[in-house]
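S.K.: Model the placement of chains Z, H and V on the given structure of chain L, informed by the hints.
Residue-level listing of the chains:
There are 4 protein chains.
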Amino acid sequence: MELNGVTIDDTYAEAFPTWVSRVIITAVTEEWAYKAAVEATGFATSAIGCPCEAGIEMFLSGDETPDGRPGVAVLFCAGKKKLKEQVVERLAECVLTSPTTAVFDGLPEAEERIAVKLHFFGDGYEYQKEVGGRKCWVIPIMNGEYVGEEDFGIVKGVAGGNFFVMGENQMAALMGAQAAVDAIAGVCGVITSFPGGIVASGSKVGSKKYKFMPASTNEQYCPTLREKVAETKIPAGIAAVYEIVIDGIDEDAVKEAMAAGIAAAVKVPGVKYISAGNFGGNLGPFKIDLADIL
Amino acid sequence: MELNGVTIDDTYAEAFPTWVSRVIITAVTEEWAYKAAVEATGFATSAIGCPCEAGIEMFLSGDETPDGRPGVAVLFCAGKKKLKEQVVERLAECVLTSPTTAVFDGLPEAEERIAVKLHFFGDGYEYQKEVGGRKCWVIPIMNGEYVGEEDFGIVKGVAGGNFFVMGENQMAALMGAQAAVDAIAGVCGVITSFPGGIVASGSKVGSKKYKFMPASTNEQYCPTLREKVAETKIPAGIAAVYEIVIDGIDEDAVKEAMAAGIAAAVKVPGVKYISAGNFGGNLGPFKIDLADIL
Amino acid sequence: MELNGVTIDDTYAEAFPTWVSRVIITAVTEEWAYKAAVEATGFATSAIGCPCEAGIEMFLSGDETPDGRPGVAVLFCAGKKKLKEQVVERLAECVLTSPTTAVFDGLPEAEERIAVKLHFFGDGYEYQKEVGGRKCWVIPIMNGEYVGEEDFGIVKGVAGGNFFVMGENQMAALMGAQAAVDAIAGVCGVITSFPGGIVASGSKVGSKKYKFMPASTNEQYCPTLREKVAETKIPAGIAAVYEIVIDGIDEDAVKEAMAAGIAAAVKVPGVKYISAGNFGGNLGPFKIDLADIL
Amino acid sequence: MELNGVTIDDTYAEAFPTWVSRVIITAVTEEWAYKAAVEATGFATSAIGCPCEAGIEMFLSGDETPDGRPGVAVLFCAGKKKLKEQVVERLAECVLTSPTTAVFDGLPEAEERIAVKLHFFGDGYEYQKEVGGRKCWVIPIMNGEYVGEEDFGIVKGVAGGNFFVMGENQMAALMGAQAAVDAIAGVCGVITSFPGGIVASGSKVGSKKYKFMPASTNEQYCPTLREKVAETKIPAGIAAVYEIVIDGIDEDAVKEAMAAGIAAAVKVPGVKYISAGNFGGNLGPFKIDLADIL
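Line by line, the protein sequences are chains L, Z, H and V. Heads up, the numbering used here is the position in the first sequence plus 7, with the first residue counted as 1. Heads up, the numbering used here is the position in the second sequence plus 7, with the first residue counted as 1. Heads up, the numbering used here is the position in the third sequence plus 7, with the first residue counted as 1. Heads up, the numbering used here is the position in the fourth sequence plus 7, with the first residue counted as 1.
With the rest of the complex left out, here is chain L (with noise of 0.2 Å):
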């Protein structure tokens, strides 16, 4: 299949269960739930070595936030236990600390609950109070007072999806890459959780020399050892890949993020080819096939 010129691979992303959290940072200013948002998401591209997946899923008007305030929805993904710890930590340490803000949950259909206690840190000087029918705890501070709501939907999402960006030279793939993302920022439900959303060394399970690593360099995508790995997935003409790795709330999300990320990236000269990520099939429960979504 060709797509603007471009080939696409007659393959699949292979996608994992995960759940999320969305979280509704508003503050005074754009700017600054803006900030609140890149420090609370940050250090968390993989949950290999990460605490958690996290990033950016979209900006809210005044009019989409339960305060009327503008705001930034943050999703986060990990394990259920695991989510919950993140949470609080990252709402603590990284949006309570942070001028202005407030936080609303983002899934409030949703029947799984979890509780996102921050209100002990107003040590008994904290009370209830409702914002935009939202059940809050106002907590005095430094600047004020922050106010936030604790009880957070968390809904079984996809982790993984997934797809590459092969480029005839490092720059044409990069900036084809970039487009994607571009266009995947304006798709609502999903996160592409790497730096700048774009993965630059892919990682294979496990390592062949070295037995104590969880994760070594996928060597089969690398294109400088084309000519070395014998089952190599660089078609001839590729000097660069990048993947982009897209979480969502649901599978359609991260469906429609795969086709706005591949439509922009194959506008983008220099950009050749585009496959997906998978591991047989046997691992992940979701199978999105490229020719499927295009």
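Please note: incorrect hints may appear among the correct ones.
Identical chains blur together in the list; that is why a pair holds if it fits in one copy or across any two.
[Said to hold, decoys possible] Straight-line alpha carbon distances no greater than 27 Å define the calculated DSSO-like cross-link-like pairs of lysine-lysine that follow:
#  : residue 1 : residue 2
1  : LYS216    : LYS136
2  : LYS294    : LYS142
3  : LYS124    : LYS235
4  : LYS136    : LYS218
5  : LYS124    : LYS215
6  : LYS142    : LYS215
7  : LYS211    : LYS124
8  : LYS163    : LYS91
9  : LYS87     : LYS215
10 : LYS124    : LYS88
11 : LYS240    : LYS142
12 : LYS124    : LYS216
13 : LYS240    : LYS88
These aren't lab readings, by the way, just hints derived from the structure by calculation.
M.R.: Quick look at chains Z, H and V alone, frame taken from chain L:
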């Protein structure tokens, strides 16, 4: 004491020793080095709840980096054991995965060293190479080759240098704090690890009401509790307080940052009072007197 | 009338007709479309001293643009003859010169049209091509080929929609104005052409003292002159005023922007009073009553 | 000659004299100084079609500005008469109108001076005041008081310093150009006035086909015309060219910027060839040989 009409409290900041690593991240453009640095230094506001404290120290031009590309210097601060673990994890998950990055030691003169062995990720395909006089490992990855030093200097630095910006209302205090952070960004050897460099919610050790809490709101610095708390530290006419917390490679750098930050904050209309935080002088070995540095 | 505890003056904004062109600039990534748009809409705050008024209206995703790439919609506002001249010059100097750009008409339904003939720049090497259903000219340039429509719709819009954000001090007023601009950025069909969307220095027509001046400071709105000017419009307790000036493709868009901006501004602590500017109602055909739109 | 494996053409850049003014814009924070600077230097890419050439030269910390606040230095370049007119208009419309700004002369040593009399805007309410050793006018405005010097130095500088970045494909050339612009941003005394600092469409004087055109595409530098144009300057294997055009306060600054930009560009993968533009050496008095500066 007054500066630009703003009262400077007759007090001192109490600060603590910490181990510090400086990592230089380079990339094809400044923007890509910055994106990796942001991810690598996220979720790192306070050692109380985050795995370490971290932030961007400064931008470097190509003639200041070992590989001649634009770069960003970041500082990681923690106890010695935690520091090594965090530098390894954050470089592995947030920089090695980031487009076009390379990584170099930013404290080559330091006697104490930590090993940051990412090359095992290469699964035997890695090799050694000298770049700009530095012994590096080259790891084949999807976007080409990752280059990184693996021997990093660490020094005993200073954590928790601080001052308070107090304003007649919240926006005056916030813009004063922002001006301070802008000024500190130009000082070498320091970071301000909180979101946007600013702390909105100061804490005291422990809690009077909730014994299980390791820290809780510092009611003495809460403007809304001014009438309710006997020993309030909030002067009359103050409606909001922000704290700037500074970590640095040595006491001089922290002092210079505090001086630059305060000088900037007092120029912002509506900033009325500058103070600093301490614990009576019994906890931290560093006592930085505001009158001395201004 | 009060909104969120902030007094809304019982007055109206007086606005004027203007011709408006909407140009869609696309590029390889959103960032490059944005850079071209910033340059093309600079030096365009006020028709009094600038050649036109211009600004960024909104960002467009790939599925909203004729060539499927990310884009930015900009509005240019001026008298009809000046408008054509300015669109030609600004596209020629600031967009055709900008990396990877293409340009499309953003008002295809408009009956009035202007010709923007950049293809002569091709010196005979140019050719015609249909892109996304639009008749375009393709011009060979250094970075490849520039693609552009040359027939642009123009509509009779509204210039000078406005409101004032008044604060108890300068930073409160500034952040209130910033919050207003953030909110207006989400409204289609409008721009705020001043730097950062905000006007710090309002003017009156002519000058009492310097007869050669076409405009001079509006002393009635100067907080520092409150005690010196008989007919001051500055309420007690106000230390700073910012004006948000809005141009739009029609009156409804301007009204919606005013409403969104005011709703956002009144949520900022220290904002105390909202008013609007008019000239007694004799100059502009549009009178937008604050009470009506809120 | 080769640099980092990239061929450096044996040629020179031909540049021209221009008058230059440096204006220092300060504001409450760096961000607000920057916003004013962006507006004031917009629509100023090329003197051919814009009223002047202008751009941001550098950021200044509080200890580098007369009023101790963060600032941005901008350069305006034009013929002497046009320069004065443009500095007046752009400061009046884009800086005086911008929140919290003040303006200072950035060339106090220059013998040639221009008067930029904005104080008439004060309509008699203005007054004089010394700020940081500078004689300034204070004008009451809506957000408080505007402070500005009115006597600006101008020097005979250099316009049109330039080099070409040629890549094996468009994205490689673009990222090479971006890296060059990043590097040049660190050089004092220069600006790159085009959008994002980069020119995508070079021109020749006049037109062969359309006699009314003062300039048209330079077909010798169009990669898509390589096979059609006899005297093409496009080497084999080049798919895209970007030009970096540099204006500066003197020839040394322009040379330093060219050297820094080229050194950065050749480090970007896929950049294959560096050249420079001239008109045979008969037009401009400055001839900057690439071999000399590298």
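S.K.: With identical chains, the pair LYS216 and LYS136 could be close in the same copy or across copies; at 27 Å between alpha carbons, which is it: within, between, both, or neither?
M.R.: Close across copies (20 Å), not inside one copy (58 Å); limit 27 Å.
S.K.: Check LYS211 against LYS124 for me: Cα-Cα at most 27 Å, and say if that holds within a copy, between copies, both or neither.
M.R.: So LYS211 and LYS124 pass the 27 Å test across copies only (18 Å; inside, 38 Å).
S.K.: Given identical chains, is LYS136 near LYS218, meaning Cα to Cα at most 27 Å, within a copy, between copies, both, or neither?
M.R.: Classified as between; 24 Å across copies, 55 Å inside a copy.
S.K.: Within, between, both or neither: how does the pair LYS124, LYS235 come out at a Cα-Cα threshold of 27 Å?
M.R.: between (54 Å within a copy, 24 Å between copies)
S.K.: Please sort LYS240 with LYS88 into within, between, both or neither, judging by C-alpha distance up to 27 Å.
M.R.: neither (37 Å within a copy, 40 Å between copies)
S.K.: Is it within a copy, between copies, both, or neither that the alpha carbon of LYS142 lies no farther than 27 Å from that of LYS215?
M.R.: between (53 Å within a copy, 25 Å between copies)
S.K.: Since the copies are identical, ignore which copy is meant and state whether LYS240 and LYS142 lie within 27 Å (CA to CA) inside a copy, between copies, both or neither.
M.R.: neither (53 Å within a copy, 31 Å between copies)
S.K.: When no copy is specified for LYS163 and LYS91, does a C-alpha distance of 27 Å or less occur within a copy, between copies, both, or neither?
M.R.: Close inside one copy (14 Å), not across copies (34 Å); limit 27 Å.
S.K.: Checking an output row: LYS87 and LYS215, CA cutoff 27 Å. Within, between, both or neither?
M.R.: neither (31 Å within a copy, 31 Å between copies)
S.K.: As a check of your reading, is LYS124 near LYS216 (CA-CA no more than 27 Å) within one copy, between copies, both or neither?
M.R.: between (45 Å within a copy, 15 Å between copies)
S.K.: Treating 27 Å as the Cα threshold, decide for LYS294 and LYS142: within, between, both or neither.
M.R.: neither (39 Å within a copy, 41 Å between copies)
S.K.: Could you figure out if LYS124 and LYS215 sit no more than 27 Å apart (CA to CA) within one copy, between two copies, both or neither?
M.R.: So LYS124 and LYS215 pass the 27 Å test across copies only (17 Å; inside, 44 Å).
The structure fails to meet hints 2, 9, 11 and 13 from the earlier list, while all remaining hints are met.
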